Amino acid sequence: MRSTPREPGGRGGGASPHPLLKVASVETLYFDRIYALFGVSLEIEEGEIFTVLGPNGAGKTTLLRTIAGLLKDQPKKGEILFRGRRIDGWQPEAVARLGIVYVPEDRGLFRELTVAENLELGLWGRRDDGVRKDLDFVYGMFPILKERARQEAETLSGGEQQMLALGRAMLRRPRLLMLDEPSLGLAPRIARSVYDALGTISRTGTTILLVEQNARLALGVARRGAILEAGRVVLEGTSAEIQANENVREVYLGLGTEEAAVKGWRLYRKRRRW
Amino acid sequence: MMDRFLQYGLTGLSAGSLYALVALGLVLIYRSTRVLNFAHGDIATLATFVSYSLLSNHYSFPVAFLASLLVGGAVGIAFYFGVLVKAQREGANLLGMVILTLGLALIIQGVVVWWWGAEPVSLPFPISDTTTYRFGGVVVSQLSLATMAAGLVGSVLLYLLVQRTRLGLAMRATSENVMAAQTLGIPTRLVLGLSWGVASALGVVAGIFLAPALLLDPFFMLDPFLKGFAAAVLGGLNSLPGAVVGALILGVAESLAGAYLTIQFKNTLAFLIIIVVLLVRPEGLLGKEFKERV
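From first to last, the protein sequence lines stand for chains W and L.
Counting in the numbering used here, the first sequence runs from 1 upward without gaps.
Counting in the numbering used here, the second sequence runs from 1 upward without gaps.
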């Protein structure tokens, strides 16, 4: 499969004329000449969990940061549309105000502020009366945050920090929640419970764009996904389609035989597969 | 004997209060934008001269005081938005921005000399330097009491602003992690601009309370600026409580050095203390090293 002429994939219903987020032929460069994204196109539908998988350096984080408006003067080419409206080139604060909430790989917590203060900052700019309810939702999902409300964020464990980051993100009432490797650095059991929380969040109708290296976890919750390698989308489809792909089974899921895996990996480095 | 110690200690606290106001402003700006503001003293000088003009034209002291705060704050905010933000957009590094503050300092000095002249003048001030009160064996002038009160009120107001308000929370968040604050929709530029304004206004308070103790000339804030800077380094450049602690230690130390050693040794001792502290604790008394964040 090629990157640019996108397969319609498992696009369902089509209730709204626009996908929630459309990334069209986006090119992002570092230092004006190093390509990080080489014409990436994706469409994320309202309400789904969409995962972007790929190895280190594939451009996954760059993609999220480009969408969030955190990279100055980027994307160089292409368009990003949110609910049909162009948002590329916007200031990060303006993108955030649209309800696009980005949780970076380092979780973006204020380590010297307390858990309660971190959550309060998640409520920045909100004046509606749903605040109480949303706080209850977050504390219900992660009761540990209530216990640790007065502690500084840096005293939390990795899993608790991820929960705080997710909880704070939810207080922003995200239309699109962008998560960068929420399982990073967590013990498998903790990662599992973070992913259970993602399920809970998704059931509230929140659209999630999930970047992961842990393909098994991500494909377990995602409806659709894409594989990004060296700044290009090399495969896109439903989770089932992606899981059925031979290359994915071998390289991302480790489902091949040992023999095939070793041989495959050697070949993988030599041969262009996609 | 004891009286003499207390007397000089008190004088030191009074000077320390002024250093604290200067240091708090420097730390506030350093913490939030990582820039050392070399124009801090000159912004205060300019604003104090505004007070001088207003008071000479028979405006009341509160009006003059408020006008000076506004002028100082406005210069800080204007410099942040008009120069620093633009420089940052063009890719200026921190050193470049520090040099820009030096440029601002020189520009303000020029403006002050051009408008008010370089002749020392005295600021008509409602609080007297010669009216004194006696507590036991210790004599305090009205001005020293007012200076200490100004330092205390300034520090407490800043504490309340930073620790108890939403703007303060946003300031703390922004100074710790700008990117995270941006992604939460916090208007970080506005928050940083206001930090510059508040910091400059604190320096102005120091200028106005210092001016009546000496004569007003275009360079009268140079010494307190250096002391405030030293106090901030002593306390830890990123710690607001550290700025106050460092300033009081510095004020008392130099006053006692003047009393018990020799007056020529006043400044030397203060900086000796700083050198020793920094050799033992490079991050300052209450400072924390900035962690690298990628």
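No lab work stands behind these hints, which were simulated from the structure alone.
Predicted, not measured: the structure shown is a model, and the values here were computed from it.
Accuracy of the hints is not assured; some may be wrong.
[As the list claims (entries may be wrong)] Under the rule of at most 25 Å between Cα atoms (straight-line distance), these lysine-lysine pairs were calculated in the BS3-like manner:
{"no.": "1", "chain 1": "W", "residue 1": "K146", "chain 2": "W", "residue 2": "K76"}
{"no.": "2", "chain 1": "W", "residue 1": "K22", "chain 2": "W", "residue 2": "K76"}
{"no.": "3", "chain 1": "W", "residue 1": "K133", "chain 2": "W", "residue 2": "K146"}
{"no.": "4", "chain 1": "W", "residue 1": "K22", "chain 2": "W", "residue 2": "K77"}
{"no.": "5", "chain 1": "L", "residue 1": "K266", "chain 2": "W", "residue 2": "K76"}
{"no.": "6", "chain 1": "L", "residue 1": "K266", "chain 2": "W", "residue 2": "K72"}
[Unchecked claim] Quick list of the computed label-pair ranges, beta carbon to beta carbon:
{"no.": "7", "chain 1": "L", "residue 1": "D129", "chain 2": "W", "residue 2": "R127", "range": "44 to 52 Å"}
{"no.": "8", "chain 1": "W", "residue 1": "K72", "chain 2": "L", "residue 2": "Q264", "range": "48 to 56 Å"}
{"no.": "9", "chain 1": "W", "residue 1": "R126", "chain 2": "L", "residue 2": "P124", "range": "20 to 28 Å"}
For every residue, glycine included, the Cβ atom is placed at its ideal position computed from N, Cα and C.
Hints versus structure:
no.: 1; hint: W:K146 / W:K76; verdict: violated, 43 Å
no.: 2; hint: W:K22 / W:K76; verdict: holds, 16 Å
no.: 3; hint: W:K133 / W:K146; verdict: holds, 14 Å
no.: 4; hint: W:K22 / W:K77; verdict: holds, 14 Å
no.: 5; hint: L:K266 / W:K76; verdict: violated, 59 Å
no.: 6; hint: L:K266 / W:K72; verdict: violated, 50 Å
no.: 7; hint: L:D129 / W:R127: 44 to 52 Å; verdict: holds, 50 Å
no.: 8; hint: W:K72 / L:Q264: 48 to 56 Å; verdict: holds, 53 Å
no.: 9; hint: W:R126 / L:P124: 20 to 28 Å; verdict: violated, 50 Å
Hint check: violations occur at hints 1, 5, 6 and 9; the rest are consistent with the structure.
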